[in-house]
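Undergrad: Sequence:
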Amino acid sequence: MTRRARKDELKALASHFDSRSTGFDTSAWVDDTNIVSLFVKLLDCDNGIVLDLAGGTGALSVKLRNIYPQCRFVNIDISFGMALVAASKAITSIIADATALPLPNNSVDAILLRQALHDIDTPSKALKECRRVLRAGG
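Here my numbering is used: the first residue of the sequence shown is 1, the next is one more, and so on.
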């Protein structure tokens, strides 16, 4: 894929989610208590930084922040609209591509990623980025 085609594809994906951002939190799967329970079981957060990758409106981060108030949740999403909604909930939000995370190596303690890998054109690249930014033991 050319650089131009990749840029166009990311722009289209961002636009798609921008258009859904205002009503996104009313989607049934956003408020799925089973998903929240699963992440509570898996997440071991003790004053750490949790990256909510492709976190959309930050709905999951907000729910987990209520359970783990000692942790800092950071949302990264390709959509400005989604990131804006997350920021309105006091979730630190960064607009970025999952395949090129603007974070230092070994900088986060846990990564949340749900309902998004299928939207990333090169999932292996995104997962390599996750491994790069995740601290040992994360």
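Please keep in mind that the hints were generated in silico from the structure rather than gathered at the bench. Just so you know, not all the hints are guaranteed correct.
[To be verified] In silico DSS-like pairs for lysine-lysine, Cα to Cα no more than 25 angstroms straight-line:
no.	residue 1	residue 2
1	K125	K89
2	K89	K7
3	K11	K128
4	K7	K41
5	K11	K41
6	K11	K125
7	K128	K7
Bear in mind that the values here come from a model prediction, so they are computed numbers and not experimental data.
Undergrad: Each hint needs a verdict: does it hold in this structure or not?
TA: Hints, one by one, checked against the model:
no.: 1; hint: K125 - K89; result: violated, 29 angstroms
no.: 2; hint: K89 - K7; result: violated, 29 angstroms
no.: 3; hint: K11 - K128; result: holds, 22 angstroms
no.: 4; hint: K7 - K41; result: violated, 37 angstroms
no.: 5; hint: K11 - K41; result: violated, 35 angstroms
no.: 6; hint: K11 - K125; result: holds, 18 angstroms
no.: 7; hint: K128 - K7; result: holds, 20 angstroms
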